[in-house]
Amino acid sequence: MAAITPRGITKRLPTPPVDADETFEVVGKGNSLATVTARISDVVLRDRLRPGWVLFFIFSLMMLACLGVSVVYLAVMGVGIWGINNSVAWGFDIINFVWWIGIGHAGTLISAVLLLFHQSWRTSINRFAEAMTIFAVFCAGLYVLSHLGRHQYAYWLFPLPNSMGMWPNFRSPLEWDVFAVSTYMTVSILFWYVGLIPDLATLRDRAVRPLIKRAYGIASLGWRGSNQHWHRYMAVYLILAGISTPLVLSVHSTISLDFAFSQNPGWHTTIFPPYFVAGALVGGFAMVLILAIPMRQIFDLKDMITMRHLENCAKIILATAIFVAYGYGMEVYMAYYSGETYERFMTVNRFFGPYGWSYWALMSCNVLIPQLFWFRKVRTSLIWQFAISIMVSIGMWLERFVIIAVPLTRTFLPSSWHTYVPTGWDWAQYVGSFGLFLTCFLLFCRMLPVISMAEMRELVHHEAHHGHGGDHEHEHAQRYDMANPHGIIAND
Amino acid sequence: MSQLIHITDKKGSRIEDKPLDLDDVRAKLAETNGKTYWRSLDELSQKPGFNEMLRREFPGQAPKDWAPLPRRDFLKLMGASLALAGLSGCAFQPNEKIVPYVNQPESIVPGIASYYATAMPFSGYALGLLAKSTDGRPVKVEGNPDHPTSGGETPIDPGKGKPNFKKRGSTDVFAQASLLTMYDPERSQTIRRSGASSNWDTFVGEITQQIQASRRNSKGADFAIITETITSPTQISLMNDLRDLMPELRWVSYEPVNRDNVTAGTRLAFGRDLHPVYHFDRADVIVSLDCDFMLEEPGRVAHAREFIDGRRVTDKTARQKMNRLYVIESTSTITGAAADHRFPVKAAQVDGIARALAQAIGVSGGAGAQQVTAEQNKWVQEIANDLKASRGRVIVVAGANQPPAVHALAMAMTEGLSGNSNNGATFARTLPGNGNAATITYHAPIEGAPVPHLAGLASVVDEMKAGKIKTVLVMGTNPAYTAPRDLEFAKAFNNVPFRAHIGLYEDETSNLCTWHVPEAHYLEQWSDARAIDGTVSIVQPIIMPLYEACKSPLEVLAMMVGNVNSSGYDIVRGQWARTKGLVNDGTLAAASVQGELAKNSTLTQSGASGLTSQGVNNGTAQGLSNGPMTGAQGGVAANSPVVNNAVVNGGVATNNGTINGGAMNGVTPMKPATNGATRNSAAAIGGAGAGASGVAAGTPDAFAFDRFWQEAVHSGVIKGTAAPAINVTAGALNLPAQTVIGPGIEVNFRPDPTIWDGRFANNGWLQECPKPITKLTWDNAILVSPNTAHKNGWNNDDEVELTLNGGKVKGAIFMVPGQPDDTLTLNLGYGRAQVGKIGTGAGFDANQLRTVDNPWMAYGVKTAKLGTVYKLAATAHHNLISPEGKDTTLKDAILGGDDAKTKVVDDWITPQTRGKDVDGVHGRDLIRSGTFEMMQKGELPVVPEDKIGLPISWPRNPNSQGSSLPDSQNKPARGRDESGPIVGDGSLADGPYTTEEDGHPLADNRELAGSPSFYPRESDYLASAPLRSAAAEKELEAKSKALGRDNVTQQWGMSVDLQSCIGCNACVVGCQSENNSAIVGKDQVLMGREMHWIRIDAYMSGSYENPEVYFEPMMCQHCEKAPCAPVCPFNAVMESPGGINEQIYNRCVGTKYCENNCPYKVRRFNFLQYSDQISPTIQLMANPSVTVRSRGVMEKCTYCIQRVKAAEWQAKKEDRFVRDGDIITACQQVCPTNAIVFGDINDPNSEVSKLKRGDLTFGILTHLNTGPRTSYTAKIRNPNPALVALNPKLYGVEVREGEHAEGAEHVTENQAFVEDRGKPKR
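For the record, the sequence lines run as chains W and L.
This note's numbering puts the first residue of the first sequence at 1, with every later residue one more than the last.
This note's numbering puts the first residue of the second sequence at 10001, with every later residue one more than the last.
Derived from the structure by calculation, the hints contain no laboratory data.
Misleading hints may appear alongside valid ones.
Listed next, the stretches of chain L that the computed footprint assigns to chain W, with coverage defined by at least 3 CB atoms under 8 Å from CB atoms of chain W [unchecked claim]:
no. : region
1   : 11084 to 11090
2   : 11156 to 11166
Beyond 10 Å from chain L on every Cβ pair, some chain W residues (computed) [said to hold, decoys possible]:
no. : residue
3   : Tyr193
4   : Ala235
5   : Gln263
Quick caveat, the model's predicted, so the values are computed rather than measured.
For glycine and all other residues, C-beta sits at the position ideal for the given N, C-alpha and C.
Whenever a hint applies, use it, and build me the whole structure from the sequences.
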């Protein structure tokens, strides 16, 4: 591979034949160091546009246009175009904010927590899961900014020195959100980018067109693959993983305080932080599956993102769904145990009130349906996985609806009870945020390696030489790889 | 002249624009004599169109009214008018003298408001006002404290703890909103002739011609004038002058909501037309026979004040007596809500009940009451007993919609019970002396044309149909919309060749007219008007008419009698000079004499025809200059008092038979009088008043009249003009047959509680003001009881078509608890075809179902459900309306509508409210109420406890000032040591809780009394003055101590008395006016985004058929630990050192978190750009002390911080504390019943402190530890124990009280609930 010449290889290189069928291995048989690099980088560098990708891209651009229209209209008219009102002052804006930010958590969990726990199977899914995190945070951020009445002053949320002597109110959970989300976004991007550096270097080396080569060259920050580089890289990567790990817990906990801090029945409860985090993981892993299943089909990556990965995701969904179910149960119990008319009313209103349907739909989607994953057949079926993931995503959205909007419709004074009906603009922006997310994600698929090549080579090496070894051996292999990077021939 | 400027003539064709011809110029120059100056060659040549160009302000872009306006020109003009509107907004002071400016111009400080007394005539009757003028523009109206209606004395109860309410003017919802009408950009602005713009001179020419012709041909018999109710002495006098010219003139007043039945009632009872005035403060027992006297009667403000004064209870020791109100009514009204016993019956049934009641009392005419059920008879007997027991202090009052017989009975009953002697059979009695002590006094009619409105209109319409009327002038009223359908007014009207309309709006009537003259608003015109008791107020303009073309009715009438260009000021002043006999003021006398002369001269001289506008001017000028004119011909004689017997009592007297239809048509009201009475009783009153007034009439004192005028204009009332009471003798009642209750559904017509008869249809404040009981905005609806709706398969918002007497309307159903079954109530005033953007199209036109025979109630309606839905916008959702007693099932939870689902939840969580809580508090401790009986026994409405022994709400103890914490200082801990903070049985009457002790603790959790908080009040932190020097601090402390204050700092708080709140909405609109709150429109109300800073929550409990209604004004509670404050990331919510929760608009970026976290939901967000920042007139209206909020900003009640600050600054300047009463919030000020009190809670002697430290104080949601600065006092009712015992089931809530009376342990509703719930689980 070292001898790739710029000339004459505009065509796709013949890929070594691999067995790309479904497998329960972490990586499909027949993959070598060369094949993983070639197959992953070819998606970016030499692949023609695949019809599946094009189809999705057109679709997501349309949704993005929807976002453009709705955001411009929002800026012109104000948040009155939404269905919120003086009783239910938060609607789709905050529901979708929480939903999107929750989705991000799976990415961080996979890339950071599983790394720290040496779960080698995470290798082939961490890159795109991290990308998913970042794009989801974009969408969430969009909602944070757009939900303000006067968008032009959103920057007042940051403690910037100014002539007015104005300082944000650090007691406000919304201010905590600002720091939580911006920290989360910064760390996620850094973590992702640092992880990308060796792969960017690989792309640089394999790129043919000078401009592209140069672009990847700049992005790879002069990576040469020296021992020292690897040494520092691994250290930074681990440190970032260490920083990211608490963020998995803190971000959604902080966001849950937006509600727990207030006094509304249905919001004012201490169970929210862990309950929100668990919910975020359910939703996040569901989104990982929703993205991974089409992606591995479209880009023929079935032997890298294998059934084993998918099954593991399904198991996590099952586990976190049970956490969440516990949360639901405790919420009801606490309402009962508090003896508060208002709390009890709110809880029963969730069951049987005007929005009762949403509660039961939520219970079905988040508690009942994931129980199907107890069955191995369901757990290992692509169709079931995909369907259940969709249901769980809907369920998680409904959870936020039930938590945020429904209690506001029935607060303390019956005179102020009102309904909440989202308008077309609410939906337009929600659909539009999907457009933003998918467009970013699809561009990411075409411009960056969706699977970490460096880590895959390591994995292939490890699988080839050690099989399914114990932890000790595994660690040894890892260190060995670092010291002896023959998996990265391309870097010469 | 620029070649680009095209000048068109009035027909739109271009005036020839020839190039300049030098020959022409030379020719012109040659023609001139002497020195000639010219500005341009164009001028010199006098080209066609040149003068036209000069005349116009923007020659090239002048509005070509008569030619289609190109779009571009339109846009340019819009731009120009917007830019210039600001400039022209500066000079609106009237030319004439209005008092403060003339005398003390140096006191005018820009930005400092001045107040001018004026009066708002509404349906003729005046409400005295003080208009606040800032830089020459009125920005707010307040009640005039000296005026008998809006001011009035509040008797001071010497009882302990009773706050001493200071005298201050109050107003009603209409007066508050009238300001917006004045600034309404859609008000009529130009004189129009056949739709095209015209001018005053042309109008004068044409109408003068008509008068001439009419005089010549028929002595005025073919000339008709339709006015509103008129009480203005000047206007009546002008009408009389006009009658002198045209003796046969047809003059009728027509308003769809009129007092025909009242007057007819007095005729039945006393044999003559009388004007009853009610004195509710003199009554202990009041029976209302379908009379909403606190909203629908002209004296509403005074009635409400007097009624509440008779029952205000704020302290258990305060009062030994409380009045009792029985309301028998046909729809849910605020008077019914205030009642101790309310009986919903069909409107037609009221007659029978009145007769039964009369019989029970022993008044003749009551015998033979039919169609009164045995059930009804029982309570009628009890009411009668109660009435008899309070002999001499009772009022029976009937509604204007009830037939004359009911009025006659009501008056006879009151009269019959007015003495101490009771000899049952004969009630006839003369009132003692001047009738001061009587609960109802009778006066000569105050109205100027005391003809029945409807019959009068009908007769004129008949004449129109017959083609007898050649000219008709409609002044102010709008009969084309308001007349009953079967009159076919429009058709008859079109028969008249000359039709003119003077009104505030171009409306349905002006559409039919050739001429339309815009009327000046009452804040723009000089006039006068009488209050309900006859007292005259001078209506003083605060501003020049916004639109030049506006004329006051007085100016129009003066023109018609010949004073073409006399100003309103001269007319009113001249009138009063004559009335007072003070013609020694040279100019005045001259003016008035000249007027008379001019009248003659114009009219006689121009007798020929074809008077152009020019001609009129010339004629007038000549008349004036050629002076002599031999005025002896009769110009002055017009004033002689007995010339004209126009006002007819005899004619109407034939009308007695009309009860529910009868022969009202037969009346020809304009016949010469048969009884030869003085020509105008009102004038007679004026004369009487003149004699009584302090000004020496007739004394040749050159300044006497000036003094009189000065005083009259300054104080807003003319003293001594109140109508004297007349001794009346009631003969035996000879009543017409009783109203028959027809089969099927009854239809009732009532004025709308906000837009009245449609005159306020274009007033956004009133349109968006939630109607008191229904909380509907922007629409009227078919109001129907839940049972009837259920029976007919109707639901809220279902469209139903009503067909009645050939009329058809389509309206939406709205269920109202308390509406009698099988009745529909339709409010008038909606369905306007033309009025403006705001009012056009909303609701349906109930006038289409009214007929001359049945203007108020009718039977035989056909209903058809159309299957369509019309969304009604109500600001509060009536969640639980469904027939009583129906328990919910699981099916409701799954398939039911939103209401059914909410009820499922309710039935589960608060099962004790099943069947009781119609639309209520859902078992929450939001309202506290009790009965007077309980109070007398020392039992207060107490706070229930929940099962773990914590009170559901704080403060729970009678001493609301006490801290919950054991007090380490030398004060005795009130009751805590003995029994802990909780008293088991909830009884506060005895035990250690007393209010006797004096030394209230210093500022320890004043509002959080009993709250388990270790922290001092937030305001105490804030108030620890780091800015003051130690010495100043000490001095202040000493001062504060000397004053007996709790604390150095002044802490603001508010107390709202639920007992006094009648739900009239005056505060809602008053707040809107004071604080520049925007209206949002129906679609936004439907979305739940109304912007009122104060709302009146209405909760109902009891049965669906007849619930008890509780009004609870809800505004920002100014929590000491405000939940909204910490959640704002921008620090936009702060607490002021005075404890006011401040919203800083500049900082607000609009996260809306504060709104979510506000348990009272009083914050209001500008979701869109709601405030009108474009219309120039609306900008003029804005209160300059209050920011106009823009989109994206949260706002809420500020306790009128601009008023607080003004008082604080003043106090600071004078180095003193702010005195109690210096700060009056806008809601407090307008409140007719003093339900809202604001002040310093650290001053134990302030009104608000006394109330807050009273026994009945409670806070809302205080268990959240919010520490609201606004507290409430409980509602006390005074039910008749005999009635409760009679049928306990009828009185859902009182059942328990009945048990209690029998010795059972007293429990409140909530307590009962807690016990129900708590016991089995414990």
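Hint check results:
1. 11084 to 11090: holds (count 5)
2. 11156 to 11166: holds (count 9)
3. Tyr193: holds, 29 Å
4. Ala235: Correct as stated: the minimum Cβ-Cβ distance to chain L is 37 Å, above 10 Å.
5. Gln263: For W/Gln263, whose nearest Cβ neighbour in chain L is about 5 Å away, the distance does not exceed 10 Å, so it is violated.
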